[in-house]
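Fit chain D to the known structure of chain P by using the hints.
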Amino acid sequence: MTSATLGGLVGAALVGLGLYGLIAKPQPLRKILAFNLMGSGVFLVFGIVARKGAAAGLQADPVPQAMVITGIVVAFAASALAVNLVLRLFEAAGQATLSRDAWAKLPDDGAGPV
Amino acid sequence: MRVDSSAIAATAGGGLLALPILLPVVGVLLSFLIGGRRAEWIALVLMPVELAVAVAIACLVWRSGEPLVYTLAGYTPPLGIALRADGFSAVMLVTAGLIAPAAALFARASFASPRGTEKRAPLVFWTLLQGIQAALSVIFLGADLFNLYVGLELLTFAAVPLVCLDGRPETLAAALRYLLFALFGSVFYLLGVALLYGAYGTLDIALLAPLIRPQPAVWLAAALMTAGLLAKTALFPLHLWLPSAHANAPAAASAVLSGLVVKGSFFLVVRLWFDVLASLPGVVPGTILAALGSAAILFGSVLALRQERLKMLIAYSTVAQIGYLFLMFPLSRGPWAADAFSGGVMQASSHAFAKAAMFLSAGLIAESLGHDRIAELGGAARAMPATFLALGLGGLSLMGLPPSGGFVAKWLLMKASIACGQWVWAVVMAAGGLLAGGYLYRVLAPAVSGESPLLQKRPARSRESVALALALVAVLLAFAPPGFFAFLQIGRPAAGLALQ
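Chains as they are written, first to last, in our numbering: chain P, 1 to 114; chain D, 1 to 500.
Bear in mind the hints are in silico, worked out from the structure with no lab data behind them.
Note that CB positions come from ideal geometry on N, CA and C, so glycine has one too.
Don't take every hint at face value.
As the list claims (entries may be wrong) - Facing chain P, from chain D, some residues (calculated, C-beta under 8 Å):
(1) Arg-168
(2) Ala-173
(3) Val-187
Said to hold, decoys possible - With beta-carbon atoms standing in for the labels, derived distance ranges:
(4) Ser-79(P) to Thr-287(D): 30 to 40 Å
(5) Leu-305(D) to Gly-16(P): 35 to 45 Å
(6) Trp-219(D) to Ala-4(P): 15 to 25 Å
(7) Leu-240(D) to Pro-62(P): 38 to 48 Å
(8) Gly-483(D) to Leu-9(P): 52 to 62 Å
Same shape as in the complex, but just chain D:
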């Protein structure tokens, strides 16, 4: 099939796009090579560099107002493979670039290698943390559907072992269940890729998008790829693996898994429906996605209310917050498309920061009290105020109270849903906010009253400040200037999902 490849040419500064993938891969290889105790230092040295690269990419996209493009080895698609960074990619790159080092700083106490010995869990943790960064960069920058499949698989393989680092049987079972769901998802995604390639003979997103016609092969491919990605994103009813996997992982790993890893596959759902399939009528699929999202919000929040352990509660709240992400799909047409898109992206980013802060706080609480049973948290906030402050500030985003990134996200989505006449999503969002208030009250209200309990160990100041810093970023997102939302639109096709 003939395709016009003149649309894709490398832009100035595009070479920078190779670095977010290259640097963590070099880190992983070095960790294996000179390994052992130095893996921690390799990760801690590389992460600030990767953050700087992510910020530089964001600046370049901002300055040019156009997506950055890089063609690997100078071969243009369809023969070669392109990397492309638009506003959304840049924001997610910076989000990942901030959360990964925060989790790393927090993890230093749990995954230090004692002098002279090489322990397995620390080496695996530091290597896989970099693996997750590499995989996320491939996903955020990939412009080729098959390349994105490889990124998706890398992400799964790096994320699953983090769940079972301590080797307890229930964590191994949680990891295995996670892996099986993820494998189901990847086969479906790959089958969809095969069908699209069979229909159009190219997998480059920019070349493929104009060729897409509403025909059975495309609808089937879209359904398969979306279902596969939903299994990896843990959208209701494919969320069954998430709570036990995220709640049983070590705190630093939970923060990365819940904050970043599920956003990787969500990012691809957005890529798929907003970039690849933008010309398909999007009302019915968008409504199905949002209906599943609404079910996730209500179901996840109600189950969070009923949990006995803090980490399980936070994991179920992830199930609910993932639901909000999918409310952007039916709203993304007409004059409110930009608001809905900004709301979705804001939700992805602010939830990443808030949830990472909350999992790190929960880790500190469990470590200091020796348990994380919610019924026995009475007075704990008096003994460790900074930790509970981080937990509470993160909670603001989940409830959607100002000032927080979660408030801006939910406000934009609610505004768009009312303006589009789709009231039902606004009602669901309001109910979700109330339920989130309920489950956070269950934790925070007893914690600030009563006798402060005896701590087994005081949480380290440095680890408390990491959690607090992440929670503050989630709050500061509320003050994102209007320019930030214009930035998110860079590289968007004008209309989003097409009108029916």
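Chain P extracted, bound-state conformation:
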């Protein structure tokens, strides 16, 4: 097995694990961590793609690396936004759950925001 194949498989496994966490775990923080796990898997795939470019005779393909850097910035911003939302939610409601039952109990005056 070449290192590129191994890297690709590890990337796929990370995406799979992350996807499982994102769907199966009810806690928002775990979902955010799972999203980051998926992101790491994707970045690893980009790294393998860059290596493949190198194998085809190029010194190294810099484009996927530039994309990974952009992707990391975006994933960081997304995580920061998500964690911030979880914190605000915890401050406002005293709990940070996304299950519908928890919100069904709240009184709703029907007015909503305008």
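What follows is chain D alone, placed relative to chain P:
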């Protein structure tokens, strides 16, 4: 991998394509810099300029009959990044250019900054509204799949906080759920981009399209990117985040979220299947998309019928109307491809105007009555006729009754589906129209009869006219001349989805 880049050269007037992205970004930066109370004015001054630019781009595309292309800093792809505007981009740019300022005019009453103080919610609203415009421009004009990913993320980051501006716990939960769905979607999209780059070594749409071959990596990339985009578009069964997010946002934000933001990711599904993957056999994926769309139409409409609150009803009708957008995919081959494509685009544009008008009207109703419970709307149309007129005219498009843009869209799609022998979509569309009639009747029939209730506050004339103007545009789209449909075909590859 060697790619021929001679296909992409900047066209005359292409430099204009930078402005729809540049102007709102400058607006966002200025809002932070000199900020506070002036954010509102920065947005209100820039938006008409952006609309003028969008119209100018549409005119240039119309006059030349060719897509406009601009290569950033003169570097041609694959090294550089191109911006490209075809007929579809131009129509969506103008649609966004009209709806954003309408929402802004409507929002002035809710998000005014009191003298001498700087409040957080108005600053965030005005900044993010411009952020959404910038992101939509990137999406409508982007010609590079990774650049489009960045636009998609910008759009999400600008849209999510608009849901929870008032900071109530249920809106925060709705925003968080929206963000998690969107992040799932973006990772899938990005993984698909990585696979395509790995297979062909370029991400420029014009360079990539001729290289695409039906091979496992491409099918996997297509499935991942489509699934990711569907999560952001809220197509059934990935719609779970939409109703609570759109119904809980402030009215002006709901109008932008439901009218424009979901169309951004839909636009990319069209780009993907009609431009990038045009050479793949498209029957099976097209049928899957349309089957999901049909499920969305029926499921969303039935749930809309059962809602107790007006804004929730309108949000569920968005779930249904998004379904119609995906009926264009299995029809887009053979001689009816142009009709199906026009129908899809018309649906995207007319739903944007109609839904924005309806959310703004619903906002006025909730504000004037102090609630938006459908059971207690009796007689309300007598107290505020203009608001309900806007709601009803928007409803015409949802039902697909003439004269309305929604009628033209559904007529074109229905004609194409019958001509292609795919009757089932026509039946679904007819059922969807009846169900839409049902849920609108539930709102409008009691509202026009009975004693008019006591209003807590009369809706402002100016805000009623904004909603009414948007609804009228949705109606006027019914009178689009044949030239409009020829315009939509500018930049289309001749065949659309290839024959199996």
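Taking the hints in turn, this is what the structure says about them:
Interface restraint check: Arg-168(D) against chain P, minimum CB-CB distance 7 Å, threshold 8 Å, status holds. With 8 Å as the threshold, the beta carbon of Ala-173(D) comes within range of chain P, its nearest partner Cβ sitting at about 6 Å, so the hint holds. A least Cβ separation of about 5 Å between Val-187(D) and chain P falls short of the 8 Å threshold, and the interface hint therefore holds. Separated by about 37 Å at the C-beta atoms, Ser-79(P) and Thr-287(D) satisfy the suggested range of 30 to 40 Å.
Between Leu-305(D) and Gly-16(P) the CB atoms are about 39 Å apart, so this pair conforms to the stated range of 35 to 45 Å. Trp-219(D) and Ala-4(P) have their C-beta atoms about 21 Å apart, which keeps the hinted 15 to 25 Å range intact. Checked against the hint of 38 to 48 Å, the C-beta distance between Leu-240(D) and Pro-62(P) comes to roughly 40 Å, which is consistent with it. Judged by the Cβ atoms, the range 52 to 62 Å given for Gly-483(D) and Leu-9(P) holds: they are separated by roughly 54 Å.
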